[in-house]
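Join the two chains into one complex using the hints; note that each chain is given alone, in its own frame.
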Amino acid sequence: MNEASFSRPEVREELQRWMGLVEALGIPLDRSQVKSLVKSIGGPVGRARWRAMKPFRGIFDLTGTGQGWALFATADSHPQRLEVWIGVGDEEVLVSRRADPAYPHLARELAFRRVRGVYDSVTGKPKGTYRRFTRWVAERTFEAYPEAEWVRVQQVRTHTVLPWEKEDGQEVVRYALTHERSDG
Amino acid sequence: MSPLRYWVGLWNQVEHPRSLALVRIALALILLVDLLEVAWLDLVVPIMGAEEAGGWPDPDAYKSPPLYYTLIEPSVGAAWMLWGSLVAALVATAAGFATPLSLLAVVLLYAQVALILPSADRGIDMLMRNIFLVLAFSGCGRWASVDARLRTGSWWGDGADAPSWPRRLIILQVLVMYFTAGVQKIGYTWTPFGHFGALYILLQDPAVARTDFSWLAATPWFQLTQLGTAVTLLWEWSTPIMLLFFYYRSTPERGGRLRAWTLRYKLHLWWLAVGVFFHLGIAVTMVLGLFPWAMLGTYLAFVHPEEWRAVWRRISKS
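These protein sequence lines map, in sequence, to chains F and X. So the first sequence is numbered by our numbering: it starts at 1 and just counts up by one. So the second sequence is numbered by our numbering: it starts at 185 and just counts up by one.
So here's chain X without its partners, still in its complex pose (with noise of 0.2 Å):
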């Protein structure tokens, strides 16, 4: 097979949509959880209002004005608006109504909640756009959904197939976001000249640890952070090879030692699982809200819609 053909073929095979359903479940939910804790910490008004409304923003920070405010007169009920807007877009996307539509009103919602307060928008908001954008196109809604319920009488849709290039596109920015992550690790304290102290001086930062780390400066503890830190850098290096483990997976009939043993041993998993403890352990020691949350629903995408169903047959064999 040429390559061009292959790189067409790659992009334009279908698949099962589970694995694109559960993703737009899991990302729309935790934002969801996220923006209820902006509604019961009392943070709508200085999160999403305007300056005259009593909002945060800096009017003078402003390149242009952000459109939700030069549609609607700003004022306090105008930022609950905005809030509630995007809450029912979620809970829609949630539930699988009007799936497209309602994905596309998140994105465009959650925009002007960035450029609104842009210091209140973090890296993993954005990631999260990029996705809902991507699954707005996607035929995500054809399964575990009200559309799917509502096309085919089943909440589990008819079976029918949806295009494998939104999940593929997805595994991509994820790869992508983790290793330009990782080339950006230029900080000297995660090289080795800097005992790759990284992981210890970041847990010291009061802004983002849970708790007091200082007891980290004892053995081993403290050598467990260098660990730490050097299979993190280790680990978003080594990105890359999950497109190889991925291409292995799409051409199993060519063969070969390193094919067969990547697919025997399930290596992607293995990369993937390096990347839950990963999160978890940020989820356990840092205070960054949805990030890690966020990031682990993206994981649902790695699984291929077919592996879901052995999973799910497993579980309900035991």
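Only chain F is shown next, with the shape it has when bound in the complex (with noise of 0.2 Å):
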């Protein structure tokens, strides 16, 4: 794990649980110690694997083989909604908003799960791929709405929390990205 991965809010919200249930035992923790602790075990046994696998590597690469996975290590309390609006004069509509069947628009190729690896896995920045899977959603959304002047791809990211839990109504817009028709 990187420094960026510590500042992201669903790992924070896991390492003070975590933090939390060690300190119910009466062991004291602050959190860069835990941190130390955990970029210690973390970089010596990645750097020990890559270097086991080193002279599979040629061969992993070509046939698109290995043993890389995690179904669902850690459940995202903190997810994040695909969501696309376009301008009309001075109104903003939402057209597209993913799992949600009032605003239908692209949801098939949204919910595609090669699609959705393209979205969901963007991080820091928006740029590169994410930037050109906007630009393909604006081209799309341009075709079926003649009347939008710009489309803005975001992603609204909220919390989820346990049913006896305090919602806190948490909604942070992200990776927002706008193509104005003029564009081309």
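Calculated directly from the structure, the hints in this document are not laboratory data. A few of these clues could be false.
[Said to hold, decoys possible] Part of the chain X face toward chain F, derived, beta carbon under 10 Å:
| # | residue |
| --- | --- |
| 1 | 217 |
| 2 | 221 |
| 3 | 262 |
| 4 | 306 |
| 5 | 309 |
| 6 | 353 |
| 7 | 360 |
| 8 | 362 |
| 9 | 364 |
| 10 | 370 |
| 11 | 381 |
| 12 | 383 |
| 13 | 414 |
| 14 | 496 |
Keep in mind it's a predicted model, so treat the numbers as computed, not measured. Backbone N, C-alpha and C define an ideal beta-carbon position, used for all residues, glycine too.
As structure tokens, this is what we get:
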């Protein structure tokens, strides 16, 4: 894990919960200690694995084989919902929202597993693949909505809590990119 | 029997290629449907095309450019050619035509698709490539195939055996996948301390949930998701026990109460049944594409070729 990973809210929350458990056992901890502990374990293990696999790397790359997967190792308590908005005059209109049948534009495409990987994996400043993906969404949206002057693709991060926990109504707009029709 | 002799014998046995052929056909057809969906959604160029042809890949993110686009000039046609070649190789694989070569072509082309746009390639894609690679060397084309028809005059071959090791390796691969998935579930909500809330939280994620599952917060639905979380974790952690079941099945002469009990009640099938339920549950509640179906496709390898024959006989009789 790198420094940027520790600033993600789901990682912070996860860390906080485990630290709370350890502290409840009477072992005092501080955040920086835990971070260096995680780094000190993760770094050498990752490097050792990389060294062990190095002789076979060529075969793995050529065949796309390997053993790297994690089936929901952590349940993301700060999930993101993809949204597509259009601008018509002074109005902003929501036309697509993931898993919301009320806004079904491009629903099938955006739910497709290979497409989900493209926008769900974005971290940091949106660039490269994510930027091209949003341009593609914008092109399809301009075709479907000739009245649209611009298209904005964004993700809204929410906070899932367990049923008895207090909801904080957190909604943070992230990775918003706007494409003007005149951009071509 | 010494452990070494047992180990050598285990990987040196032969059996009818029926189970391997079923895995070949199932996985090829499942991936074929996935690729047809790519075309139907008009995503061939975005996913398989180079940046200059309108694809989504980011050349700056490559450690080295994908081999395909170093050999072939990037264009819309090149993206469609990659898609078409992979589809053709999968059709040949499912039909069992030039089976080993078709399977190798699937692996190499599928790997290029992964390299072109890594974020569109999931863990299940890697698992399928692993299995296709094993199948290429397995003799899975000796049954239910064009190859069998050409070689023996019958679609079902001449009953010649194939090595057992590929089927056992596929089983081991799937078990390793489940076990590592289990030990990696270190998220707080996968544990009793986090109230086994993981499944509930996952089903609130709009990126993967099939529909709105906010109603799961009510009793008794939330408790059911807790049970689902605990069973998932226990089931994945219990994976090594399948190795014991298979060891017992391969050494019935050794006796013992636990072995007899395992064989009598076919415990390996019960473990698999939980897996079937688990993946069908995923298929119903989450939008993960081919994942649950491909996993169920690998389960065909867990059933011995003679057990498939018995199943077929029972179906024919009824």
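Verification of the supplied hints:
1. Contact between residue 217 of chain X and chain F, as hinted, is not supported at the beta carbon level, the nearest pair being about 12 Å apart and thus beyond 10 Å.
2. The criterion of a C-beta within 10 Å of any C-beta in chain F is met by residue 221 of chain X, whose closest approach is roughly 7 Å, and the hint holds.
3. The interface hint given for residue 262 of chain X is broken, as the beta carbon of that residue sits about 17 Å from the closest beta carbon of chain F, more than 10 Å.
4. Given the 10 Å rule on beta carbons, the hint for residue 306 of chain X holds: about 6 Å separates it from the nearest Cβ of chain F.
5. Because the smallest distance between the Cβ of residue 309 of chain X and any Cβ of chain F comes to about 8 Å, under 10 Å, the interface hint for this residue holds.
6. Using the Cβ-Cβ criterion of 10 Å, the hint placing residue 353 of chain X at the interface with chain F is not satisfied: the shortest such distance is roughly 12 Å.
7. Because the closest C-beta pair between residue 360 of chain X and chain F is about 7 Å apart, less than 10 Å, the hint holds.
8. With a cut of 10 Å, the hint placing residue 362 of chain X at the interface with chain F holds, because the nearest CB-to-CB distance is about 8 Å.
9. Below 10 Å, beta-carbon pairs count as interface contacts, and residue 364 of chain X has one with chain F at about 7 Å; its hint therefore holds.
10. Of the supplied interface hints, the one on residue 370 of chain X holds, with its beta-carbon coming within about 6 Å of a beta-carbon of chain F, less than 10 Å.
11. Look at residue 381 of chain X: its Cβ gets to within about 5 Å of chain F, closer than 10 Å, so that hint holds up.
12. With 10 Å as the threshold, the beta carbon of residue 383 of chain X comes within range of chain F, its nearest partner Cβ sitting at about 7 Å, so the hint holds.
13. Interface restraint check: residue 414 of chain X against chain F, minimum CB-CB distance 14 Å, threshold 10 Å, status violated.
14. At about 33 Å, the closest approach between the beta carbon of residue 496 of chain X and any beta carbon in chain F exceeds 10 Å, and the interface hint on this residue is violated.
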